[in-house]
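Colleague: Sequence:
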Amino acid sequence: MVKTILGTQQMLKSSSNVGEGAPDILSSIVDNKELKLSNRYGRHIPLTKKQGVSGESASYHDGEDFQVQKYEKDFKSKQLIKDAIMENDFLKNLDASQVIEIVDCMYCQYFTKGTQVIKEGDVGSHLYVSAEGSLKVWKNNKVIGSVGPGKAFGELAILYNCTRTATVEAVEDAKIWVMDRKAFHTIMMKTGLQRQEDNIQFLRRWKILGYSLIAHYRSISKHGVTHLEVVGVLWHMMSKVVAQQSPSSTQTLLSTIP
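Using UniProt numbering, the final residue of the sequence shown is 258, and nothing's skipped along the way.
Do not rely on the hints blindly, as some may be mistaken.
Said to hold, decoys possible - Here are the simulated BS3-like pairs of lysine-lysine, each with C-alpha atoms no more than 27 Å apart in a straight line:
#1 Lys-142 with Lys-119
#2 Lys-70 with Lys-190
#3 Lys-142 with Lys-76
#4 Lys-139 with Lys-70
#5 Lys-70 with Lys-82
As the list claims (entries may be wrong) - Label pairs and their computed distance ranges (CB to CB):
#6 Lys-78 with Gln-116: 26 to 32 Å
#7 Met-86 with Gly-121: 29 to 35 Å
#8 Gln-201 with Val-143: 49 to 55 Å
#9 Glu-197 with Val-123: 22 to 28 Å
#10 Gly-114 with Glu-197: 46 to 52 Å
#11 Gly-121 with Asp-173: 21 to 27 Å
FYI, nobody ran anything at the bench for these hints, they're computed from the structure. Virtual Cβ for every residue (Gly too), placed ideally from N, Cα, C.
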């Protein structure tokens with residue numbers, strides 16, 4: 001059974017575009033029923049729960065409608081959001097289809113001068129992309145930096161339940177694009193299921209000793225492997241959180257505002 005799975009995984013990886021841009025569904029299956037994830041250097045790292053960080057688990061069922069609200073935007077706004085995502089260390093590893101979905105589902109909010117967009121110590125659940133106006137960043141009652149148009153911030157809050165590490169306040173009237181955690185995880189699951197279907201269609205063309213691989217693949221997916229798609233996509237982002245957990249400079253801190 002293990003050999004068959006490994007063979008299936010190898011064929012999926014050799015296909016032209018299945019799983020391109022993000023870890024494929026089978027890439028995290030290992031022996032002994034232990035969940036591990038591979039970093040970009042190929043080294044397996046056990047996924048363990050770190051004290052003080054609580055992940056939000058979502059329950060998905062077969063046939064569930066993975067739809068998110070989409071909002072109209074002009075080309076300039078779409079490009080601004082896309083560029084902000086691609087320049088963000090935690091988000092730039094998403095593939096093209098996921099970025100498009102995120103751009104489409106972000107909605108606009110306006111903040112008047114002096115309004116706090118996020119507050120240090122609060123539990124956050126939204127990602128922001130500044131569009132217009134200037135924002136200042138506070139930590140421990142001290143201004144440590146600023147955020148201008150085209151900057152994504154608050155990204156850690158869409159990964160797991162965590163408190164904001166700094167306060168972001170509007171210096172002038174500001175326009176900001178917003179997305180909540182639920183929409184983000186729905187997008188990850190939706191694109192994961194689409195990749196699963198693409199894998200199944202690919203496997204229809206292959207047989208090992210006359211035996212179809214689809215049954216094995218569906219059996220694996222039935223036991224929750226689809227959820228590894230979400231975990232795999234987020235892994236690069238979360239590994240950066242660990243690496244930068246004790247920022248040594250203001251610039252590093254600004255890039256990790258949850």
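Colleague: Hints first: check each against the structure and report whether it holds.
Modeller: A quick look at each hint next to the structure:
no.	hint	in the structure
1	Lys-142 with Lys-119	holds (13 Å)
2	Lys-70 with Lys-190	holds (14 Å)
3	Lys-142 with Lys-76	violated (34 Å)
4	Lys-139 with Lys-70	violated (34 Å)
5	Lys-70 with Lys-82	holds (15 Å)
6	Lys-78 with Gln-116: 26 to 32 Å	holds (27 Å)
7	Met-86 with Gly-121: 29 to 35 Å	holds (30 Å)
8	Gln-201 with Val-143: 49 to 55 Å	holds (54 Å)
9	Glu-197 with Val-123: 22 to 28 Å	violated (35 Å)
10	Gly-114 with Glu-197: 46 to 52 Å	holds (49 Å)
11	Gly-121 with Asp-173: 21 to 27 Å	holds (25 Å)
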